[in-house]
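> Those protein sequence lines, which keep their order, are chains A and B. Heads up: the first sequence begins at 11 in the numbering used here, then just goes up one per residue. Heads up: the second sequence begins at 4 in the numbering used here, then just goes up one per residue.
No lab work stands behind these hints: they were computed from the structure. All of these numbers come straight from a predicted model, not from anything done at the bench. There could be a bad hint or two in this list.
What the hints assert, rightly or not - Computed Cβ-Cβ distance ranges for the label pairs, DEER-style:
1) A:A175 / B:T164: 22 to 32 Å
2) A:A148 / B:E427: 53 to 63 Å
3) A:L57 / B:S68: 27 to 37 Å
4) B:R143 / A:A189: 41 to 51 Å
5) B:G218 / A:L57: 32 to 42 Å
6) A:L200 / B:R38: 48 to 58 Å
7) B:S269 / A:N142: 46 to 56 Å
8) B:R143 / A:L57: 26 to 36 Å
9) A:G116 / B:R143: 49 to 59 Å
10) A:F244 / B:D66: 48 to 58 Å
Note that beta-carbon positions come from the ideal geometry of N, C-alpha and C, so glycine has one too.
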Amino acid sequence: MWAFSYNLPAHRSARGRGTLTEETVLTIVHGDEWTTVIRPCTGWPGLGWRELVQSRELIALLVWRDLVATYQQTILGPVWHLLQPLLSTITFTIVFGHIVRLPTEGVPHFLFYLVGIVAWSYFSGSVLATANIFSAQAHLFGKVYFPRLVVPIAIVLSRAMPACAQLILALIVVGYYAASGSTVSLTANLLFVPLLLGMLALFSVTVGTLVSALTIRYRDLQHLVTFGITLMMFVTPVLYPVSVVPTKYRSLLVLNPAASIIEAFRRAVLGTAPVELRPLFVSLSLIAGLAIVSLFAFRRAEAAFIDTV
Amino acid sequence: MTCEAVQVEHLWKQYRLGQIGSATLREDVQRTWARLAGRPDPLLKVDETASPDSVRSIWALSDVSFAVREGDAVAIIGRNGAGKSTLLKVMSRITAPTRGVVRLRGRLASLLEVGTGFHPDLTGRQNVHLNGAILGMRAREIAHKMDDIISFAELERFADTPVKRYSSGMYVRLAFAVAAHLDPEILIVDEVLAVGDLAFQKRCLGKMGEVARSGRTVLFVSHNMLAVTSLCERAIWLDAGRVRAEGQASGVVAEYVSTVTCETSSFEELWTMDAESAPASEEVALRRIAIVPGTPQVRFTLGMDTPFRVVVEFVNRRAGARLHVSVVFYTDQELPAFTTWSAVTPEWRNRPLRMGLYRATCFVPGNLLNSGRHRIVVYVIRDLSWTALRYDSSVRFDIVDLERREGGWMSREPGVVQPRLSWENEFLGGG
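The following block holds chain B by itself, in its conformation from the complex:
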């Protein structure tokens, strides 16, 4: 029998824009005076008088409702400005909602606030006491966990040194160690934590995974979709302050990712026959460049394991030209991932072409490119060595990695390619 640990009902949060929050005493006295005298507000501009309530305000959350069962790990995803931080702020009581209710069962702590209240002049140990108390730990609880915290942060030797002498890495380690030992019933984890070097990030993600699997209620906010699908069973997608989707993490994440990539990527470039704008030279003109997923997709999302095709259509303008197509894949760090060319098919290799429209299709297998955004550069090559046309395609596509991981590193592996290679393991005796 599990019950709900978090219940959010019809939550609304309004922010006022501009300088309305602060005012001067004089303005307020003027307003009050005018109101008492029955005159309209003298400080409002003419167009504002019509609807003074609706001016310059935005709803950061509108009618958000959801519930989280005890022990569930739930991800909150959405683009920047979708209302994720506002939701967390309301839940952790930093700001009050405009309408609606949040109910919590148990103590809530959030890993948003690493290092809050650290005082540079106090020693590591003293800061643990202070920081723990600010985060809601009892003094006895802190004293009890002190050694664990210090050793988790690997700061045994520096526990009695003022933190102002710490390196920034030591500082963050200590702060995270305190937060990691909070033991609340409900934990809010923000990916803000993913700072520091790779080793520390791995450690943080590892700890989060541990927490998520320990049966505690966890709300996980992240842009790392791989971590989301790995750590959480359920996901809530916030979009412009509303719950856009809620359910199984893998499904919600797939929908979210495809929507986001769809809006920002382009899969095809097409030019009409007589278009002046088409990339062309005296010998050749491009007609179409397209990325076509190899498996039928509702939306154009390329998973790591999805094979796809690159289609290049061009017009040969000179009879007898020996042309072939070459494509270079670039990552968004502008690293060339690999180059491939159509001259590998023997019957088309160095073959004289008639004038007319040709199509070259390259089949890219799944599990080759690493996740991330990619672009391509298309070359049309004459006589196996001369560049007849070079074109930086505006085609942009994302390879997304949504495969659930059971543990370990839950982020993008380094490398431009990520092939699945076969391994052989042998025991060679000994022991």
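Isolated chain A (complex conformation):
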């Protein structure tokens, strides 16, 4: 039997007590009871779920470190997280609302853009932060082993904090508009929000890890990420509602998992229309498929990256 575990009180105390007979000890020895077996990485790597689950404390600590380290010294830190989407929203409202006059399904421009930006910036920020983890964490990865996936997961989780703060800000604004008789309202659809944020988190960690695995081999990809994310915003309904997209393009929009999530997110927060489940399921299956590819790419990359970085 293989015991693949890092907490070993069982076999340790068994020997320590000395109550075992020689035969039992021999069976332990011959039972190939190694705790770690290191082999070359060939073919399909395992997923390493078990190790990942065992590292949940580490994930929690890394999230905690990011939060503490960010807010320990600065006063403006948390405020900045709220200022950023507000400034973007004001710009978008002026440019796309008042100059270009994009339609927003009757929703006040400011609100429409604010909600879209909150969701989008969580996604794009997480992708950008996880896309270069191998080079960013080389000093850490080169010195100590732990499941590498811990790092992107922790990044995406800790980024959820400012996203939630921004969401609360958005909800306050929605409440204000609702009270002043706009078409928006706070509805039971809000219950979808945690699910949608979870999907965004999963999608961003998927894209981020895939890119980070690929950048090990293709360095030039690094420069494309920022560019790619900016382009992606335009094919995602952040600045416009899905309803304005011509039907012939709408089937293409389904291929972008972020599209239906952002659209659903806006509907859930603004309460303008019911959240449609079907496009979300399509998104979820696309993300799941991509996640498997990305996970394998990442696992292969983590085994060999230190030799190439």
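Got chain A; can you put chain B on it based on the hints?
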């Protein structure tokens, strides 16, 4: 009944040299396209096509196999680039082997990674939590050991100060304290730790000794042969990625040291009778300078306690000259260790010499020079005061200290000489 804690079987590790690791997407697309079209790789140079697999790669480890029993302290020695770090990296799962298997029983931690993941904005205590978790400790375990760690690092007063305000010494102390409290079943200790001031080095070595004697499995990587023989029962000598020798630490270390010193030291300088190059003056010419170990040796290794002779042969070119030889020993820090001269023998003191070949031999007792590399400067003195010839000999020899120590300081003592002096201890009453 002890069993094996570490088993390394036929381990190979290949590194590729140059820029092969990273590529551009365009090149890869070109390669794939050519392969699909059945053409040779368009990006390979002509001479590379013959054996594309063998280009620009080195084997950092080739067929390394060994086993370590539970509770053993084993040293891994070898020159820089012999594969020690690669072996440790594979064992601590930082990089994957190319072939072979490593099996470990229990948690492995390595003191390679002091201070890994420290965040400057977090306090000492917070960093202990974080660093401990990165090194594989459970949160409960860390909380339990927190006070021990802080007090080992002597940072009680600064535990809640961000580490960016720490001095570098405080930083290293805290980092080492965490690593020292890991309590893994298998511990890898790298001499990288021997940084900081003398007091801290002593402390680190002391802690390592404590760990090695605590019945834990320890792999110790060091260039300090004294520490190796003191802390470890067994040693594995890696040379160019292969296990060159394995066995009793003292034996393996002696073999290793003599091989290394043999390749870099020279024990003799010899000139033929008519050589133009021989150091000479009008009065005198050197023929030979040699260091000869006083006890028969397989290889020229001088232990601290090995007596040796310095032989100087010279030709006197002027009848009736009163010559004697003087030798100055220098350490590799260019400090003169001591000077000795042949005029101390009464019958040769200030004696007129006939023309011809003479030999002066100096007997250096054991336990005089401290360990380290030495060179000598040879003087031929006329009339007890005039320098007839001064010659910086290219003879280089190492004095090595391989005596096992039971504790305390396990490194070179300061001083150019290290004599064994007699001591008398008395109890003078009181108490």
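> Measuring from beta carbon to beta carbon, are R143 of chain B and L57 of chain A in 26 to 36 Å?
Cβ of R143 of chain B to Cβ of L57 of chain A: about 27 Å, so the range 26 to 36 Å holds.
> Evaluate the given range 53 to 63 Å for the C-beta pair formed by A148 of chain A and E427 of chain B.
Roughly 59 Å apart at Cβ, these two residues keep to the hinted range, so it holds.
> Range hint 49 to 59 Å: satisfied by the CB atoms of G116 of chain A and R143 of chain B?
55 Å, holds
> Does the Cβ distance between A175 of chain A and T164 of chain B fall inside 22 to 32 Å?
29 Å, holds
> Take the C-beta atom of L200 of chain A and the C-beta atom of R38 of chain B, compute their distance, and say whether it sits inside 48 to 58 Å.
54 Å, holds
> Does 46 to 56 Å hold as the CB distance between S269 of chain B and N142 of chain A, or does it fail?
Holds, since S269 of chain B and N142 of chain A (Cβ atoms, about 52 Å apart) stay within the stated range.
> Take a look at whether the Cβ-Cβ distance between R143 of chain B and A189 of chain A falls inside 41 to 51 Å.
49 Å, holds
> Does the beta carbon distance between L57 of chain A and S68 of chain B stay inside 27 to 37 Å, or does it fall outside?
The hinted range 27 to 37 Å holds for L57 of chain A and S68 of chain B, with Cβ atoms some 30 Å apart.
> State, for the Cβ atoms of F244 of chain A and D66 of chain B, whether the hinted interval 48 to 58 Å holds or is violated.
With Cβ atoms ~56 Å apart, the hint holds.
> Quick check: does the Cβ-Cβ distance between G218 of chain B and L57 of chain A fall within 32 to 42 Å?
About 36 Å separates the Cβ atoms of G218 of chain B and L57 of chain A, which means 32 to 42 Å holds.
The structure fails none of the hints (numbered hints given earlier).
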